[in-house]
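J.: Sequence:
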Amino acid sequence: MNGKARTTTIGPGTYYVLVKVVRNGIPYLTRDTVVVDTDDVSRTVRLQQPNGISFTTSDGNLEKLPGVKICIFTSRMLFEQGLCDGSNYQLISDVQGGVSLYNIPASTYYILATLTVGEEKWVARNTIQVDDNIEESILVLKKE
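Just so we're aligned, residue 1 is where the sequence shown starts under our numbering, counting upward by one.
Among the hints, erroneous ones may be present.
What the hints assert, rightly or not - Once the Cα atoms are required to be at most 16 Å apart in a straight line, the calculated EDC-like pairs of lysine to aspartate or glutamate come out as: (1) K143 x D59; (2) K69 x E120; (3) K142 x D32; (4) K20 x D37; (5) K143 x E63; (6) K69 x D59.
Bear in mind the hints are in silico, worked out from the structure with no lab data behind them.
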């Protein structure tokens, strides 16, 4: 692939373009507006490095834990209730204990990770600041 896209079947007008490429599981994207008023329009777009969060969930021995429910909040008050109610995002860790969320607004996020095994509940809590980069963290769950 050469990274070029072309169409010849659109008429004059305003078009909204979303370009998304996934490399190594990370989505790079950009949005643009293109005004077509002639037969030949050329536009170069630059894909933006995404921001986001990436976690590995583990137990106290750093064994990776799949199936952990990750609840992500922007409200500290809702986070402190210890439930996922009102969370902005909910994710489940994969078989390698990993979970990622990309292209989210820059903010402080409060993380609640829970795993129930039989009658036992395992929990981890964390706070993370997301700006322009991908923030990585290990969530170590402990028996509550």
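J.: Does K69 pair with D59 here, judged by a C-alpha cut-off of 16 Å?
T.: holds (14 Å)
J.: Hinted pair, alpha-carbon criterion (16 Å max): K20, D37. Please report holds or violated.
T.: Judged against 16 Å, a Cα distance of about 25 Å means the pair is violated.
J.: Holds or violated: are the alpha carbons of K69 and E120 at most 16 Å from each other?
T.: holds (14 Å)
J.: Given the hint that K143 pairs with E63, does the C-alpha gap stay at or below 16 Å?
T.: holds (14 Å)
J.: Do the alpha carbons of K142 and D32 lie within 16 Å of each other, as the hint requires?
T.: violated (45 Å)
J.: Would the hint linking K143 and D59 be met if the CA-CA limit is 16 Å?
T.: Given that 16 Å is the threshold and the Cα spacing comes to 9 Å, the pair holds.
This entry does not satisfy hints 3 and 4, going by the numbered hints stated previously.
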